[in-house]
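Colleague: Here are the chains, one letter per residue:
Protein chains: 2
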Amino acid sequence: MASELSYPKSKINKVNRLGERGNYECKAVHEIIAGSPVVHVSFNPGSLEDYPVILPMIGKLGSFENPSADLTEPLDLYLHGYVSSRIMNTARKSANGEPQQPMKVCVCATKVDGLVLSLTPNSHSMNYRSSIVFGTVELVTEPDEKLYAMKLITNGVIPGRYDDTRVPPDGAEMQSTQILRVTIDHASAKIRTGEPGDYEKDLKREDVLNKTWTGIIPMYQAYGEPQESSYNRVKPVPEYIQNYVKETGETEKQYALTAISKPSAGKA
Amino acid sequence: MASELSYPKSKINKVNRLGERGNYECKAVHEIIAGSPVVHVSFNPGSLEDYPVILPMIGKLGSFENPSADLTEPLDLYLHGYVSSRIMNTARKSANGEPQQPMKVCVCATKVDGLVLSLTPNSHSMNYRSSIVFGTVELVTEPDEKLYAMKLITNGVIPGRYDDTRVPPDGAEMQSTQILRVTIDHASAKIRTGEPGDYEKDLKREDVLNKTWTGIIPMYQAYGEPQESSYNRVKPVPEYIQNYVKETGETEKQYALTAISKPSAGKA
Numbered sequence: 587m588a589s590e591l592s593y594p595k596s597k598i599n600k601v602n603r604l605g606e607r608g609n610y611e612c613k614a615v616h617e618i619i620a621g622s623p624v625v626h627v628s629f630n631p632g633s634l635e636d637y638p639v640i641l642p643m644i645g646k647l648g649s650f651e652n653p654s655a656d657l658t659e660p661l662d663l664y665l666h667g668y669v670s671s672r673i674m675n676t677a678r679k680s681a682n683g684e685p686q687q688p689m690k691v692c693v694c695a696t697k698v699d700g701l702v703l704s705l706t707p708n709s710h711s712m713n714y715r716s717s718i719v720f721g722t723v724e725l726v727t728e729p730d731e732k733l734y735a736m737k738l739i740t741n742g743v744i745p746g747r748y749d750d751t752r753v754p755p756d757g758a759e760m761q762s763t764q765i766l767r768v769t770i771d772h773a774s775a776k777i778r779t780g781e782p783g784d785y786e787k788d789l790k791r792e793d794v795l796n797k798t799w800t801g802i803i804p805m806y807q808a809y810g811e812p813q814e815s816s817y818n819r820v821k822p823v824p825e826y827i828q829n830y831v832k833e834t835g836e837t838e839k840q841y842a843l844t845a846i847s848k849p850s851a852g853k854a
Numbered sequence: 587m588a589s590e591l592s593y594p595k596s597k598i599n600k601v602n603r604l605g606e607r608g609n610y611e612c613k614a615v616h617e618i619i620a621g622s623p624v625v626h627v628s629f630n631p632g633s634l635e636d637y638p639v640i641l642p643m644i645g646k647l648g649s650f651e652n653p654s655a656d657l658t659e660p661l662d663l664y665l666h667g668y669v670s671s672r673i674m675n676t677a678r679k680s681a682n683g684e685p686q687q688p689m690k691v692c693v694c695a696t697k698v699d700g701l702v703l704s705l706t707p708n709s710h711s712m713n714y715r716s717s718i719v720f721g722t723v724e725l726v727t728e729p730d731e732k733l734y735a736m737k738l739i740t741n742g743v744i745p746g747r748y749d750d751t752r753v754p755p756d757g758a759e760m761q762s763t764q765i766l767r768v769t770i771d772h773a774s775a776k777i778r779t780g781e782p783g784d785y786e787k788d789l790k791r792e793d794v795l796n797k798t799w800t801g802i803i804p805m806y807q808a809y810g811e812p813q814e815s816s817y818n819r820v821k822p823v824p825e826y827i828q829n830y831v832k833e834t835g836e837t838e839k840q841y842a843l844t845a846i847s848k849p850s851a852g853k854a
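These protein sequences, in sequence, are chains S and X.
So for the first sequence, this note's numbering puts the first residue at 587; every next one is plus one.
So for the second sequence, this note's numbering puts the first residue at 587; every next one is plus one.
Derived from the structure by calculation, the hints contain no laboratory data.
Wrong hints could be hidden among the right ones.
No copy is singled out in the list; a pair is fine if it fits within one copy or between any two copies.
[Claimed, not checked] Capping the alpha-carbon separation at 30 angstroms, the derived lysine-lysine pairs in BS3-like fashion look like this:
{"id": "1", "residue 1": "Lys787", "residue 2": "Lys821"}
{"id": "2", "residue 1": "Lys613", "residue 2": "Lys832"}
{"id": "3", "residue 1": "Lys821", "residue 2": "Lys848"}
{"id": "4", "residue 1": "Lys597", "residue 2": "Lys679"}
{"id": "5", "residue 1": "Lys679", "residue 2": "Lys797"}
{"id": "6", "residue 1": "Lys832", "residue 2": "Lys848"}
{"id": "7", "residue 1": "Lys821", "residue 2": "Lys839"}
{"id": "8", "residue 1": "Lys787", "residue 2": "Lys832"}
{"id": "9", "residue 1": "Lys732", "residue 2": "Lys797"}
{"id": "10", "residue 1": "Lys790", "residue 2": "Lys821"}
{"id": "11", "residue 1": "Lys797", "residue 2": "Lys737"}
{"id": "12", "residue 1": "Lys832", "residue 2": "Lys797"}
{"id": "13", "residue 1": "Lys600", "residue 2": "Lys790"}
{"id": "14", "residue 1": "Lys732", "residue 2": "Lys790"}
Note that the coordinates shown come from a computational prediction; the quantities given were computed from them, not determined experimentally.
Whenever a hint applies, use it, and build me the whole structure from the sequences.
Modeller: As structure tokens, this is what we get:
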């Protein structure tokens, strides 16, 4: 069996602090992004007194060249937005060489799976999964790739949603939507699981052990019952939506609970 | 009654796209950050081929000068980390004028409150709350302020936790922990509530209305029952932890549900 495809370690993506929590496999990096309703995208607009900017956005992974590729394979990250928003203006300016060419971004997806309560503040932690991607941005201009990305993004939120809506987007919608393709140059995931990790110096102290409760508070993204709009006519809630809510909610909860009994890497 | 304190609008923090969702009040901006288990912090290390970097971190608001200040008042954002991590190395280099002096960051906290399913992909959205802060970083070197921040951060995760643990941090822990104080230079929140916002062109189409379910799938951060560590001796789970889990879980769920019936600003 072939080993998992991984992102090469470089000075850019290497997990330095608590490196034993690092994971460079495409599958691990991509799964966290695929399971996150929003990702955070950072870029330098070059016009804001040197502040970088972060935006919460929907980001979905896919390959226009190889549309059947799964999360274990090389993929691009697609972002979409209103054509005249700050990030899209920056991307268009970068395509013309200003302020940098090409435009570079860092994208981060994070899921918090639990609060880790230990004996002393410094050893407190969280169970979490995060993926950090460093990438190069290109404007998607071909209508075929744009439609591919629109479908990818919509179905990335709820599988099967795109074809159940009024499609394709009309001319005005195609014009007002800008799609960005982020080529992933470097990426890594960092994952903490397991129970608290306390220092020997505290584990030896009877007074501390007898005073302080230690353990994990599981946390997970939960989903409520779908609530219809005031103008909805379709009843009952379609099965693909009900299944999505049920399955995703259960998966999230189960992950948070099973993460506790997995090995933990590193103190705190 | 005095009106709420607000961050001044500037070209840096102004919500351009769907500006009617923008909120500049200290209370709104601060509440989203205070209620987020992690924030995303972006900075420019100046050494990574021009990529910005994003890190998920714990970030808590407080005022060392005015410790009784609440979320409606001016506050600083405190971050903590291992002394030799990339962000701390960058902060120390910046204090010496390299790569920029002072170090500037963008910090974003985001909560997803629901998936907004409408008639056509372009009008799909999410109910969400996000705060974006642009700030200037200073290293905290005074032990009193460092201890203030450590307590703020620990109690910001679970109120009352700090004094229930082995404190104060010892010499090695004080040495290995670097605290950053972010002065908030510009900030704004962006909030979407309400039901889907569909275009007139789709609301007029019987075929579309009869085919596509529209509504909201509520989403919220949920908490499971606290799970004790293998070496825990304190039984039962202390009341302040049980209360935190119960109250925070209920608040999160209630927000997501009530957000649906609030007015919605802007299409999509």
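Colleague: Take the hints in turn and mark each one as holding or not.
Modeller: Hint-by-hint comparison with the structure:
{"no.": "1", "hint": "Lys787 - Lys821", "verdict": "between (61 angstroms within a copy, 22 angstroms between copies)"}
{"no.": "2", "hint": "Lys613 - Lys832", "verdict": "within (24 angstroms within a copy, 35 angstroms between copies)"}
{"no.": "3", "hint": "Lys821 - Lys848", "verdict": "between (42 angstroms within a copy, 23 angstroms between copies)"}
{"no.": "4", "hint": "Lys597 - Lys679", "verdict": "both (28 angstroms within a copy, 18 angstroms between copies)"}
{"no.": "5", "hint": "Lys679 - Lys797", "verdict": "neither (59 angstroms within a copy, 41 angstroms between copies)"}
{"no.": "6", "hint": "Lys832 - Lys848", "verdict": "both (24 angstroms within a copy, 25 angstroms between copies)"}
{"no.": "7", "hint": "Lys821 - Lys839", "verdict": "both (28 angstroms within a copy, 25 angstroms between copies)"}
{"no.": "8", "hint": "Lys787 - Lys832", "verdict": "neither (45 angstroms within a copy, 33 angstroms between copies)"}
{"no.": "9", "hint": "Lys732 - Lys797", "verdict": "between (59 angstroms within a copy, 25 angstroms between copies)"}
{"no.": "10", "hint": "Lys790 - Lys821", "verdict": "between (61 angstroms within a copy, 19 angstroms between copies)"}
{"no.": "11", "hint": "Lys797 - Lys737", "verdict": "between (55 angstroms within a copy, 18 angstroms between copies)"}
{"no.": "12", "hint": "Lys832 - Lys797", "verdict": "between (40 angstroms within a copy, 22 angstroms between copies)"}
{"no.": "13", "hint": "Lys600 - Lys790", "verdict": "neither (34 angstroms within a copy, 53 angstroms between copies)"}
{"no.": "14", "hint": "Lys732 - Lys790", "verdict": "between (60 angstroms within a copy, 27 angstroms between copies)"}
Violated hints, in rising order: 5, 8, 13; the structure is consistent with all others.
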